[in-house]
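If you read the protein sequences in the order shown, they are chains F and R.
Okay, so the first sequence: first residue is 1 according to my numbering, each after it adds one.
Okay, so the second sequence: first residue is 186 according to my numbering, each after it adds one.
It is possible that some hints are incorrect.
Taking CB as the label site, the calculated pair distances span [what the hints assert, rightly or not]: (1) VAL462(R) x THR11(F): 52 to 60 Å; (2) GLU265(R) x ASP86(F): 34 to 42 Å; (3) ARG72(F) x ALA222(R): 28 to 36 Å; (4) LEU44(F) x LYS323(R): 47 to 55 Å.
Over 12 Å on every C-beta distance to chain R, these chain F residues come out as not near it, computed from the model [stated by the list, open to error]: (5) SER76; (6) THR81; (7) THR125; (8) ALA138.
Derived from the structure by calculation, the hints contain no laboratory data.
All C-beta atoms, glycine included, are put in the ideal place defined by N, C-alpha and C.
Each chain, letter by letter, is given below.
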Amino acid sequence: MAEYTLQTPLTDEAMARLKAGDVVKLTGTIYTARDAAHKRLIDLLDNAEPLPFELKGSVIYYVGPSPAPPGRPIGSAGPTTSYRMDTYAPRLHSLGCKASVGKGKRSDAVKQALKDHTAVYFGATGGAGALLSKCITAATVIAFDELGPEAIRELTVVDFPLLVINDSHGGELYVQPDRKAAGLE
Amino acid sequence: MRTLNATHVIDTVAKMCIDSNRYLPSDVRQRFAECAAREESPAAKEVFRQLTENYELAEETGLPLCQDTGLAVFFVEMGEDLRVEGMNIREAINEGVRKGYADGFLRKSACDPLTRANTKDNTPAIIHFDIVPGDRLKIAFMAKGGGSENMSRVTMLSPAQGWAGIKKFVIERVAEAGPNPCPPTVVGIGVGGTFDYAPILAKKALLRKLDDVNPDPKLAAMEDELLEALNRLGIGPMGLGGKTTCLGVKIAMSPCHIASLPLAVNIQCHSSRHQEVEI
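Whole structure, please, built from the sequences with the hints as guidance.
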């Protein structure tokens, strides 16, 4: 398992190198979007309207941060469960999105999209929102302000700690539960 | 008859919301340390290291432990010789939630199920009332995150399935949930009652301390047996593999209909945030 330092925007070459289990420190600009924002993004695409950020080379972080207290750019900001974005992710990858950041399992369709479009799925530690907040140095709402925690934010991140969960070659880091050892089979 | 001013309830609830989201309970911290020491895989150890640093940082900075500061769930025991004046008790608790979630910079996660429009103040809280003897007010609060709640299930087993059926359903549920609910989890199990009561039992079981022992020795043995089986799944912290899939199993049981065996599995993430206050 290798360690990489990556800078946004992400390239196909950088993504192709990554293997499940690799540790990545990410620096640059990433965009937050979760359930409601994804629905809006897809509606924009359906209506051939421009998106609030450039998808090519982008990283989408599945997060709904807590409000920023005075003197901080953002509140607690750890990943939300990713499968709820599975319906939308393949289309975003097909348009150039290079990575998503979340926690939990992805669908077969998403894993196929990662292979087809040389993209990866990163995991961040769920429930470590205060810790991850430290790596976010700026946050600005750029779309759908009315969605509150679900608005799309542009984040500046420095050495954001990630693990490659699903790579662009079909590799996966999550272990299969040992049903037999637990007495199920 | 004792009288309690509603402002006292509001302030108490607001403080509970803020503190619970900021300070991880000591029994959970202790369990992290014990489980981390048993882990052999570097990935599992690293997750525990991050979670430990996270609760230290939350305490130091005042940031919530997790951005998902939950729906506000309450179990309230109200003495029959107590009267809350100035406001209806349900109103007062909701007002406390409004205050706590605003003042503590906590995320407002309550929304309309279909339009998904946020209620903007994290109300309504989910409140379970019980009337008890005496003149005290006991309020238990839990900040219940959505990721683990989504992995919870209720089912109506056939009585013939018994303990074996219960075990199979719980293990299968935790296996299927995998990394999604932020393992290592706490698993609350409600057995019996009715279709609606089993999940309440399960949720209430999650209020128990991780290091307590079920006063019913039979249930205590069942909890131990299930915890061991669940940890043999090997899902591990954040699904990366390891010996700690669950931090604890808590079972609550109640008589049920002769035709039924209701079962509820309520999954709680590792950030098991809850608190109890008596006024």
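Practice task
Compare the structure with the hints numbered earlier in the document and write down the numbers of the violated ones, lowest to highest.
Solution key: Per hint list: 2, 5, 6, 7 violated.
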